[in-house]
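Could you slot chain H onto chain D? The hints should help.
Number of protein chains: 2
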Amino acid sequence: MELKQYLEQTANKVDSLIHQHFGSACDDLGRASAHLLLAGGKRLRPALLLLAADAVNRGSSSNVVPAALALELTHSFTLIHDDIMDGDTVRRGVPTVHTQWDEPTAILAGDVLFATAFEFICLADVPDNAKVRATSLLARTCVEICEGQHMDMSFEEQDDVSEGEYFKLVEKKTGALYAAAAGIGSILAQGNPRYTDALFRFGQGIGMAFQIQDDLIDLLAPPEVSGKDQGSDLRKGKKTLIYLKAREKGLDLAQFRGHLSPDQIREIVSRLREIGVIDEVQETAENFVRKGIQRISILPDSEEKSLLIQMGEHFIRRSY
Amino acid sequence: MELKQYLEQTANKVDSLIHQHFGSACDDLGRASAHLLLAGGKRLRPALLLLAADAVNRGSSSNVVPAALALELTHSFTLIHDDIMDGDTVRRGVPTVHTQWDEPTAILAGDVLFATAFEFICLADVPDNAKVRATSLLARTCVEICEGQHMDMSFEEQDDVSEGEYFKLVEKKTGALYAAAAGIGSILAQGNPRYTDALFRFGQGIGMAFQIQDDLIDLLAPPEVSGKDQGSDLRKGKKTLIYLKAREKGLDLAQFRGHLSPDQIREIVSRLREIGVIDEVQETAENFVRKGIQRISILPDSEEKSLLIQMGEHFIRRSY
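Each protein sequence line maps, in turn, to chains D and H.
Take 1 as the starting number for the first sequence in our numbering and just add one per residue.
Take 321 as the starting number for the second sequence in our numbering and just add one per residue.
Simulated from the structure, these hints should not be mistaken for lab results.
For each residue, glycine too, the CB sits at the ideal point set by N, CA and C.
Keep in mind that the hints are not guaranteed to be accurate.
Unchecked claim - Simulated coverage check for chain D against chain H, where a stretch passes if three residues somewhere in it have a Cβ under 8 Å from a Cβ of chain H: (1) 9-17; (2) 80-87; (3) 132-139; (4) 301-308.
This is chain D alone, in the form it adopts within the complex (with noise of 0.2 Å):
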């Protein structure tokens, strides 16, 4: 199979569990906790999780589908509170929900939501000690997510952060994550402890990954491509790899802070293509995947491995 399809199929999957559970909110809180989730996304992070469970124990995605879709309702909760902290008004083609609503509702939607993955990760139809290591790995997982988000905020205010600094946040914000996802998958599919060390380090690298490309997608892809504003990151001074990159090269990219026009960021870019930025970025990108796929070769060969390698691959090809 392909990735394509397969992701399209595990969208449905669990896009069918979250119009059951979140269709017919009748009230205000619950219409808002669901906003997010019903304008779309992916699901990549339930992919994953389904793909780690068959790749060690085939057959066993049947099994754990509401923690797919736990991971999902983590990735939504994260995502409603760093709007409101991040100020921003549009998310997935819709108001964020502290923008339709306000930010009380908007706390709250996201609280709904996290104690709501607690609930779907003891709904998965696996043994109870699974449970517990999925329950708890779930929630160091929060934490460093809510850590990553904070150094994130931080990082604004800071001059001097260093790359090794860089790869923590993304390793806590973005990375974290994907890796709880891949590990949980294992953990769930009663996979053996080498099995879900090595999926759960696959899911932080080719999440630190999707992160990296992430940030080459605000500045290289047009709108039309990406569905987002080009160069918000330049604007807005963000300490991304490319920013700190382009310092190590005498380039400081927090002169461009503030109003730049399309022609001013194709001119950016193509002086970070010349000092050599973007392409040491990309390399950096391709690394964290390429370790990853290494951590997973451990596994048998499998149908789901190869979609695995494939999903890391996507990673950072994608254009969006």
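This is chain H only, laid out in the frame that chain D set:
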């Protein structure tokens, strides 16, 4: 043993765990998460959890102390988020988290405590099936608390709140976490389902009484006794049971919204006494406690059962 002595012992146990895990945070987010926990608190929910465990299975409480802490973490998480929504600036004699730090940090600090609560449930030294049930119950409870807080905010703009709606609010906002404390204590101690259900209902009832008593204290207790601002609910026009009962008798407390002198408050209180509102509200709280105590009459007699009964009675006799 007297209840007072038992509560002191529990508070010491919980405080020492809190200091161990949160006392040496070296970053901003860690300190913000620990802030309210370290400012003290009566640790009533942990005490209820431990008493429930021992009441169904003597000696089992020593295995469930981390779960008792989980209840306090959950409570602290809801306080931090509620304080943001309600715009409160002081709690437990210290500035609220969003006042001392900022709103984003307070949102994240709450999220961190929430996640950590689930980690601590999993650290109890009990069979995994009990942990899974406790996790599910805690998660469901958190959804209810959020719904309760949302109702509370909606009621501020709603003039026709009924007593039924008020009781639903109090059940979710305050009753649910006390119900969970007692229920989780019994679940983790392997209490039989009838005991667990009885303790859950007991916790719910005394929790609701606790909230009603809180409203009475707000109105009746001078600040030097309660440590709180007398009559703050009156000034805010909050839809407490006092408000609803007064309205039933033709006295509209909404007219006293805004500034009120101590003399005016005294006058309103004697009016409320005259028309029987205070007595009726006190009786309602007493009824919740009485019915709760009735529920746990099926438990075998023990020192812990008698402490539970004392706890219920304390909830409606306390003046702070």
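Results for each hint:
no.: 1; hint: 9-17; result: violated (count 0)
no.: 2; hint: 80-87; result: holds (count 3)
no.: 3; hint: 132-139; result: holds (count 5)
no.: 4; hint: 301-308; result: violated (count 0)
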